[in-house]
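A.B. asks: In the order they appear, the protein sequences are chains V and X.
Here the working numbering = 1-based position in the first sequence + 553.
Here the working numbering = 1-based position in the second sequence + 553.
Calculated directly from the structure, the hints in this document are not laboratory data.
No incorrect hints appear here.
One copy or two, it doesn't matter: identical chains are merged, so the pair holds either way.
Pairs of lysine-lysine residues, derived as DSBU-like cross-links and limited to a Cα-Cα distance of at most 35 Å, are as follows:
hint: 1; residue 1: Lys651; residue 2: Lys585
hint: 2; residue 1: Lys685; residue 2: Lys557
hint: 3; residue 1: Lys685; residue 2: Lys707
hint: 4; residue 1: Lys648; residue 2: Lys557
hint: 5; residue 1: Lys575; residue 2: Lys633
hint: 6; residue 1: Lys575; residue 2: Lys687
The structure displayed is predicted, hence computed values, not measured ones.
Number of protein chains: 2
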Amino acid sequence: MSHKFDLVFERSTKIIPENIWKCWTVPETLMKWFCPRPWKVTECRMNLIPGGEFYTLMQSPEGEKFPNNGCFLEIIPNKKLVWTNMMTSGFRPVKEDKMGFPFTVSLTLSAENGMTHYRAVVSHSDEEGMNKHKAMGFQEGWGLAFDQLLELNK
Amino acid sequence: MSHKFDLVFERSTKIIPENIWKCWTVPETLMKWFCPRPWKVTECRMNLIPGGEFYTLMQSPEGEKFPNNGCFLEIIPNKKLVWTNMMTSGFRPVKEDKMGFPFTVSLTLSAENGMTHYRAVVSHSDEEGMNKHKAMGFQEGWGLAFDQLLELNK
Numbered sequence: 554m555s556h557k558f559d560l561v562f563e564r565s566t567k568i569i570p571e572n573i574w575k576c577w578t579v580p581e582t583l584m585k586w587f588c589p590r591p592w593k594v595t596e597c598r599m600n601l602i603p604g605g606e607f608y609t610l611m612q613s614p615e616g617e618k619f620p621n622n623g624c625f626l627e628i629i630p631n632k633k634l635v636w637t638n639m640m641t642s643g644f645r646p647v648k649e650d651k652m653g654f655p656f657t658v659s660l661t662l663s664a665e666n667g668m669t670h671y672r673a674v675v676s677h678s679d680e681e682g683m684n685k686h687k688a689m690g691f692q693e694g695w696g697l698a699f700d701q702l703l704e705l706n707k
Numbered sequence: 554m555s556h557k558f559d560l561v562f563e564r565s566t567k568i569i570p571e572n573i574w575k576c577w578t579v580p581e582t583l584m585k586w587f588c589p590r591p592w593k594v595t596e597c598r599m600n601l602i603p604g605g606e607f608y609t610l611m612q613s614p615e616g617e618k619f620p621n622n623g624c625f626l627e628i629i630p631n632k633k634l635v636w637t638n639m640m641t642s643g644f645r646p647v648k649e650d651k652m653g654f655p656f657t658v659s660l661t662l663s664a665e666n667g668m669t670h671y672r673a674v675v676s677h678s679d680e681e682g683m684n685k686h687k688a689m690g691f692q693e694g695w696g697l698a699f700d701q702l703l704e705l706n707k
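Go ahead and model the full structure; you've got the sequences and the hints to work with.
C.D. replies: As structure tokens, then:
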């Protein structure tokens, strides 16, 4: 189900859900694909429980660093992963980045006819946040990252 | 465990955890005590699952209405209830009220020597939010509401 302030990214792939799950939930693996090159993730901390921290530090080609706070909300191994950028460890609210916008990502993996359906629904509080995310290159960014994930699983 | 941006409200009572839990999780019961009189709660919706909605509509003595969005995050019956005002149903971000501030409430009930320890830790993103909440009368408000809860259980 999708809502008017959602952005949706979806693909079908032959990679089994278990392997995609590892890409999302093992920090050293996530760091290899999560950020479209030449950007990179140079730090990642995750505590895979509801209320657990999901932190990444991204680095631009020029070496500028961008910390990203996050918190896991729902975890069903190999099937569903929900997290938000509005909180950190212990569901604590995070101080809002005035350049940013709040969102929640709900990633689902479903096996269908020998393929895996990969679907990320990213929900926002309003049209402005959604449009900002879209204009930042949401589809392109998630697409490039997904291609890097595919590459890792070759 | 408490953090520098937390406000903590705690009391000891003879009311058993099961009865306090009902006061928090049955809408018709919550409406009777949740808001210090002469304010009142005139509507309440709750879906007691992680990601479920927790909505209340508060009404001032003058009849002005104040909707409060919320979302449950963690539920351990009779022991722990965690919810936030930053989200609504499905963990969707809620448009921030510019007069408000984001918070997460973690309520724990623990039985100790025939008494119940009632402890609410309310976490904020920064000192400003915490101070705003404190200045609004956090201790007094939670205290008055708690007294109304006690009264209901007499």
